[in-house]
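There are 2 protein chains.
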Amino acid sequence: MLDLPRPYLLFLGDISERGYAKTALGLRDWAPEHCIGEYNLPGGVSIGLPRLSPAQAKTAGARSIVIGVATPGGAIPDHWLPTLIEALEAGLDIVAGMHAKLNDMPALRSAASRLGRQLIDVRTPASNIPIGNGKKRSGKRLLTVGTDCALGKKYTALALTRAFIARGVRADFRASGQTGIMIAGGGMAMDAVVADFAAGAAEMLSPENDSDHWDVIEGQGSLFHPAYAGVSLALLHGSQPDVIVLCHDPSRKTVLGFNDYKLPDLQEAIDLTLRLGARTNPHIRCAGVSMNTSALSQAEAQKLCAQTSAELALSVADPIRGGAMFDALVEACLA
Amino acid sequence: MLDLPRPYLLFLGDISERGYAKTALGLRDWAPEHCIGEYNLPGGVSIGLPRLSPAQAKTAGARSIVIGVATPGGAIPDHWLPTLIEALEAGLDIVAGMHAKLNDMPALRSAASRLGRQLIDVRTPASNIPIGNGKKRSGKRLLTVGTDCALGKKYTALALTRAFIARGVRADFRASGQTGIMIAGGGMAMDAVVADFAAGAAEMLSPENDSDHWDVIEGQGSLFHPAYAGVSLALLHGSQPDVIVLCHDPSRKTVLGFNDYKLPDLQEAIDLTLRLGARTNPHIRCAGVSMNTSALSQAEAQKLCAQTSAELALSVADPIRGGAMFDALVEACLA
Numbered sequence: 001m002l003d004l005p006r007p008y009l010l011f012l013g014d015i016s017e018r019g020y021a022k023t024a025l026g027l028r029d030w031a032p033e034h035c036i037g038e039y040n041l042p043g044g045v046s047i048g049l050p051r052l053s054p055a056q057a058k059t060a061g062a063r064s065i066v067i068g069v070a071t072p073g074g075a076i077p078d079h080w081l082p083t084l085i086e087a088l089e090a091g092l093d094i095v096a097g098m099h100a101k102l103n104d105m106p107a108l109r110s111a112a113s114r115l116g117r118q119l120i121d122v123r124t125p126a127s128n129i130p131i132g133n134g135k136k137r138s139g140k141r142l143l144t145v146g147t148d149c150a151l152g153k154k155y156t157a158l159a160l161t162r163a164f165i166a167r168g169v170r171a172d173f174r175a176s177g178q179t180g181i182m183i184a185g186g187g188m189a190m191d192a193v194v195a196d197f198a199a200g201a202a203e204m205l206s207p208e209n210d211s212d213h214w215d216v217i218e219g220q221g222s223l224f225h226p227a228y229a230g231v232s233l234a235l236l237h238g239s240q241p242d243v244i245v246l247c248h249d250p251s252r253k254t255v256l257g258f259n260d261y262k263l264p265d266l267q268e269a270i271d272l273t274l275r276l277g278a279r280t281n282p283h284i285r286c287a288g289v290s291m292n293t294s295a296l297s298q299a300e301a302q303k304l305c306a307q308t309s310a311e312l313a314l315s316v317a318d319p320i321r322g323g324a325m326f327d328a329l330v331e332a333c334l335a
Numbered sequence: 001m002l003d004l005p006r007p008y009l010l011f012l013g014d015i016s017e018r019g020y021a022k023t024a025l026g027l028r029d030w031a032p033e034h035c036i037g038e039y040n041l042p043g044g045v046s047i048g049l050p051r052l053s054p055a056q057a058k059t060a061g062a063r064s065i066v067i068g069v070a071t072p073g074g075a076i077p078d079h080w081l082p083t084l085i086e087a088l089e090a091g092l093d094i095v096a097g098m099h100a101k102l103n104d105m106p107a108l109r110s111a112a113s114r115l116g117r118q119l120i121d122v123r124t125p126a127s128n129i130p131i132g133n134g135k136k137r138s139g140k141r142l143l144t145v146g147t148d149c150a151l152g153k154k155y156t157a158l159a160l161t162r163a164f165i166a167r168g169v170r171a172d173f174r175a176s177g178q179t180g181i182m183i184a185g186g187g188m189a190m191d192a193v194v195a196d197f198a199a200g201a202a203e204m205l206s207p208e209n210d211s212d213h214w215d216v217i218e219g220q221g222s223l224f225h226p227a228y229a230g231v232s233l234a235l236l237h238g239s240q241p242d243v244i245v246l247c248h249d250p251s252r253k254t255v256l257g258f259n260d261y262k263l264p265d266l267q268e269a270i271d272l273t274l275r276l277g278a279r280t281n282p283h284i285r286c287a288g289v290s291m292n293t294s295a296l297s298q299a300e301a302q303k304l305c306a307q308t309s310a311e312l313a314l315s316v317a318d319p320i321r322g323g324a325m326f327d328a329l330v331e332a333c334l335a
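Sequence order for the protein chains is A and B. Everything in the first sequence is counted per my numbering, starting at 1 for the first residue and increasing by one. Everything in the second sequence is counted per my numbering, starting at 1 for the first residue and increasing by one.
Source of the hints: derived by calculation from the structure; they are not laboratory data. Among the clues, some could well be false.
Identical copies look the same in the list; a pair holds intra-copy or inter-copy alike.
[Claimed, not checked] Derived pair list, reagent style DSSO-like, types lysine-lysine, alpha-carbon separation capped at 30 angstroms:
#1 K101 - K262
#2 K58 - K303
#3 K136 - K58
#4 K262 - K135
#5 K262 - K58
#6 K22 - K136
#7 K262 - K136
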């Protein structure tokens, strides 16, 4: 599996729109100890870290430069190449999770080869992924699942991992998407694996561990998603979770980008996930719901969580808001 | 999508074990009009077609030579290369569905490039597969699903297609695995598609069609398979079947190669498939069960099919045995 060279220098290019810097912001918030600084080009956004050139970052201990911004279309613009090559010359590897691959760019390849440096595309799957074997692994596992894409499965897994560790529970965040992989320093880009190996990739992502150790696994997609449900099922089967937490955004009524597809009812989503998940772990249970209440006021959020909790007879909380409700969700996971 | 050059010359190598010639036997049985002849090396099995050299086959109208045997391990032995290059020199393209890729063999690549011929690896997915869109397509679709791998989903789809056409119904067999693709002359090797594109690949496999036309789609894996359920779900969602036929082998009690996994109960398999399939086609229904009774006597087979039919209140038949029970299953599909 991937093992990314850390700490990082975060490269922001000349992207002026903060929304495109999600990867860099995620790294700053969830892996600050691994972020030495940031570097942008004229006109580029800052995320408030010390601005260091590649050479300065290397001196400060950085081992790689991470492309921390997305571009519309997913390409790496040609005018970024001099900076990226400067980073290679300074002794940094390059890490990226974009659709365009570093290894497909001849200028980068020849510089990396000349300098003996690595170009690491985190969305390029490992070459040694086995077919899933379905064998029960030791250790405890939690998987975040969702009623849709892009509504908080990564955030929830990170927040739960942090809360587990704060309670003295041994836990690792296991990343299944590119930003999560950079935060964790490793993982498996599930969406890029060949379909036949997807469950095997999920098995690899959370290997055997001590019986009191938790792997908190970042979910992908949704079992109700017309394009991505297969990935979600492979991840569910291969993860063998003991516990699931369902992630939901109440402001969303239909699948993002698929207006003909209503989001499922929460109880239905829990039932189907438990039914399918029981195939590889008969002891699977749902600990509760992670509610993304970013569109609501504090009072509305609290009311919705309390009401949903009563309806489902499960803990419901927004990890971003934290508080007693989130503590209860954490306890329910560990119960 | 793939469009294979036909008719074929079937290459059998020097494989002496008939069981390894499944692809050639499938082509002989299901696409005889596209098989000009066979060619084996000393010691190789025959499947009873005229033995033609590549040059003779070319003269007789062949457009490609198909590797019709599997090897233990999936490699193409070096001592087959002279014959394969001879075929390229005779003006034939080469078609293969093995794990080892024709395009990874330098000797074949240089010969094909020199001669302007194609090396077609049917398990290499198309490069233009879109993300699934979940939009309802016109035309009717049937998908064969299974309680496990390798128990008759391809055979059932082929037999139903043939029966539909015999009744004057317009129908196409849509292949999702390598042997099926060679039989159909095209299709989509679902297991080789990157997971994020699997539902999109399934959508591509059965495009919009006339409202009275049937696509009969070869299923893959099983929703209950610990390694391959994700592929099965993506194929189910992308196929949007109006009708499913469940394929089962009563002699099998556990998943092939996964002894800890019991095969599901038939009613449970039908229920789960309909529940999941309803996401992209709310009108999905199960027409019946295709029972692989190869391990039973005629009397036992008839009794089992009748009994299962009574239990499920659905048509149950073995397409290999045909007869009135299979006719009833065909009618139930078209009802």
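Against the structure, the hints:
With identical chains, the CA atoms of K101 and K262 are never at most 30 angstroms apart, being 34 angstroms at best within one copy and 42 angstroms at best between copies. In this assembly of identical chains, the alpha carbons of K58 and K303 never lie at most 30 angstroms apart, being 49 angstroms within a copy and 76 angstroms across copies at closest. Within a single copy, K136 and K58 get their C-alpha atoms no closer than 43 angstroms, and across copies no closer than 54 angstroms, so neither meets the 30 angstroms cut-off. In the homo-oligomer, the alpha carbons of K262 and K135 lie at most 30 angstroms apart only across protomers (13 angstroms), although the nearest pairing inside one protomer, at 35 angstroms, exceeds that limit.
With identical chains, the CA atoms of K262 and K58 are never at most 30 angstroms apart, being 49 angstroms at best within one copy and 55 angstroms at best between copies. With identical chains, the CA atoms of K22 and K136 are never at most 30 angstroms apart, being 35 angstroms at best within one copy and 34 angstroms at best between copies. Only between protomers do K262 and K136 lie at most 30 angstroms apart by alpha-carbon distance; the minimum there is 15 angstroms, versus 35 angstroms within a single protomer.
Hints 1, 2, 3, 5, 6 from the earlier list are contradicted by this structure; the remaining hints agree with it.
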